[in-house]
Amino acid sequence: MKILYGLLCLVFLIIFHEFGHFIMAKICGVTVEAFSVGFGPVLLHKKIRGTDWRLSLIPLGGYCGMKGEKEFQDSLKAGLDYIKADSDSLYGVHPFKRVLIAFFGPFANFFFAFLCFTVIALTGYSYYSYSSKVTLADEIYPELHSAARDAGIQSGDKIIKINGKAIETFSDIISEIVSKPDEDIKITVLRNEEEMEFLVHSDLDKDTGAGKIGVTADTETLSKYEMARLSFFPALLKGLTESINALKLTVKGIFTLFKGVKLDNAVSGPARVVDMMGSVVKESFSGGFREGLVNTLNFMGFISISLCFMNLLPVPILDGGLILFALIELISRRKLSPKVLYYIQFIGIAFIAFLFILGLTGDVKYFIGNLKK
Numbered sequence: 000m001k002i003l004y005g006l007l008c009l010v011f012l013i014i015f016h017e018f019g020h021f022i023m024a025k026i027c028g029v030t031v032e033a034f035s036v037g038f039g040p041v042l043l044h045k046k047i048r049g050t051d052w053r054l055s056l057i058p059l060g061g062y063c064g065m066k067g068e069k070e071f072q073d074s075l076k077a078g079l080d081y082i083k084a085d086s087d088s089l090y091g092v093h094p095f096k097r098v099l100i101a102f103f104g105p106f107a108n109f110f111f112a113f114l115c116f117t118v119i120a121l122t123g124y125s126y127y128s129y130s131s132k133v134t135l136a137d138e139i140y141p142e143l144h145s146a147a148r149d150a151g152i153q154s155g156d157k158i159i160k161i162n163g164k165a166i167e168t169f170s171d172i173i174s175e176i177v178s179k180p181d182e183d184i185k186i187t188v189l190r191n192e193e194e195m196e197f198l199v200h201s202d203l204d205k206d207t208g209a210g211k212i213g214v215t216a217d218t219e220t221l222s223k224y225e226m227a228r229l230s231f232f233p234a235l236l237k238g239l240t241e242s243i244n245a246l247k248l249t250v251k252g253i254f255t256l257f258k259g260v261k262l263d264n265a266v267s268g269p270a271r272v273v274d275m276m277g278s279v280v281k282e283s284f285s286g287g288f289r290e291g292l293v294n295t296l297n298f299m300g301f302i303s304i305s306l307c308f309m310n311l312l313p314v315p316i317l318d319g320g321l322i323l324f325a326l327i328e329l330i331s332r333r334k335l336s337p338k339v340l341y342y343i344q345f346i347g348i349a350f351i352a353f354l355f356i357l358g359l360t361g362d363v364k365y366f367i368g369n370l371k372k
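Counting in numbering that gives the first Met the number 0, the sequence shown runs from 0 upward without gaps.
Straight-line C-alpha distance at most 30 Å; calculated DSS-like pairs for lysine-lysine:
hint	residue 1	residue 2
1	Lys338	Lys69
2	Lys223	Lys132
3	Lys223	Lys185
4	Lys160	Lys247
5	Lys83	Lys46
6	Lys251	Lys164
7	Lys185	Lys205
8	Lys96	Lys247
These aren't lab readings, by the way, just hints derived from the structure by calculation.
Let the sequences and hints guide you as you build the complete structure.
Below you can see the structure in the form of structure tokens.
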């Protein structure tokens, strides 16, 4: 069942993305010829107001088929040096409208994440965590490096601030450190009722891309913590803040990949995402509705932000590529040559193929590793 749960969640996120394109295409006067849930052979369809609404065989996402998406190829075959397009087609509208149409797919994902984090803030939740009192990891696992020890932190110290941000639990420590690999971090601890500050240079976990400082939790301090429900407007602000922070973390995570991280471990393919998402849904709801709702929305929010950012990359065949070409056309006030668009798309196809192979390799290793456990 967890595969089904994960698949439903992922398909929903992709359809939400495509619906963003659909809405803006309609606003900008572009004819949407088809909107499909799923790919491949069409199982069911019905035409409503000029759009063929479809349910297709392969449940791995969906698409919003706009009129004229391939007009540059037709113009190339006709030997034209410009894209011949109808006024209600994608390449027939003003370049700024094309920017809006391409942008609203990723924006829909950002908006969905905002809704997820807002609902979490409105719902509130409880969780278990250890206190921020730490034990140096190399005292338990001698083979590990402890950057915290190098900086002067000792077992029994209680971390109360990281880069000026207040810390209450060990979960707070993890969430702050994991996003700061290979960085100098100011850590304030409480030792014998005295505040002391240390500069710790975090390590980079090359398997995951995460930051670590070589500390573990004091396992005798497990307690239940409550995140109180917020009223409507503070929850909206919290949702926006969390969405922006998630986007920052995603961008930072992409740059971390260039620091020697093992890409096949750090980059997840669709199979691994579906498996993880399904596991979150199944295991979280087994602990109660509120816990299940919060954990599922939190995970879906982060995946949605990842989809938002990835689609904004200025790569041909992605939304970011269409935005880039439209902006070039807008600034230069000249239509791009269909030949240029055609050959540039090969770069995008190669990039997507590289990511697909990388994700597939990582997925295979991930599932083989799980089978051996």
